[in-house]
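Peer 1: Protein sequences appear in the order of chains R and X.
Using my numbering, read the first sequence as starting at 1 and increasing by one per residue.
Using my numbering, read the second sequence as starting at 1 and increasing by one per residue.
Computed cross-link-like contacts, DSS-like style, restricted to lysine-lysine with a CA-CA straight-line distance of at most 30 Å: (1) X:K56 x X:K68; (2) X:K36 x R:K57; (3) X:K36 x R:K71.
DEER-style ranges, computed between Cβ atoms: (4) R:K14 x X:G40: 22 to 30 Å; (5) R:S110 x X:T110: 26 to 34 Å; (6) R:Q17 x X:R60: 40 to 48 Å; (7) R:E52 x X:N52: 26 to 34 Å; (8) R:D56 x X:R13: 40 to 48 Å; (9) X:G40 x R:E52: 25 to 33 Å; (10) X:D54 x R:K14: 50 to 58 Å; (11) R:S67 x X:M55: 41 to 49 Å; (12) X:D58 x R:G40: 24 to 32 Å; (13) X:D58 x R:T54: 30 to 38 Å; (14) R:T5 x X:F9: 27 to 35 Å; (15) X:S28 x R:K57: 16 to 24 Å; (16) R:G16 x X:D58: 42 to 50 Å; (17) X:L45 x R:S67: 24 to 32 Å.
Derived by calculation from the structure, the hints in this document are not laboratory data.
In this text, a Cβ means the ideal position worked out from N, Cα and C, and glycines have one as well.
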Amino acid sequence: NAGVTQTPKFQVLKTGQSMTLQCAQDMNHNSMYWYRQDPGMGLRLIYYSASEGTTDKGEVPNGYNVSRLNKREFSLRLESAAPSQTSVYFCASTTHGNQPQHFGDGTRLSIL
Amino acid sequence: GEDVEQSLFLSVREGDSSVINCTYTDSSSTYLYWYKQEPGAGLQLLTYIFSNMDMKQDQRLTVLLNKKDKHLSLRIADTQTGDSAIYFCAEKDGTASKLTFGTGTRLQVTL
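Put together the whole structure using the sequences plus the hints.
Peer 2: Here it is in structure tokens:
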């Protein structure tokens, strides 16, 4: 019962370094999402992929890129990390838009 | 754009009922969700309600929806210490494939 798996769980980067956060789901879901969670701000959508082969910007896409590698995997890349990107990042997936989203356990990212 | 608001904190005594409230602005919302987040963990879906429903009950959880006032509530009966967590309300409109989340309500259960 893996569900949505995110790697790594924790990471510390220096300003300017690059990094890719990985997400994989084994539920045969069509749609996948990347959120960031900051204190007092709830979850904000960074990018999403409604189906394999498509990606769209969310509320806070600047500084990030995504790749929907196949139906299972959706990665988030920080090309040049900035301290403002220190956050907890969550990946989620759903079979289609009306169904509830299932979340991974998150990646805690600190940028010094 | 869409906006979802929640109070930040609620404290209740073990055994009492908890009521967590949420208001939203998007009148075209189709589904409304409640998620639970325990420390260091991801979001766990608790329940959800379609906008043509007024109420949904699932064991100790009761969701009430007032579409006229755009108000959603989650009632937890017989609150236990294991219910201590952050509870997020989220809404989805009819056209978008993404959710808008509230800021979360931290529920503290005291003995």
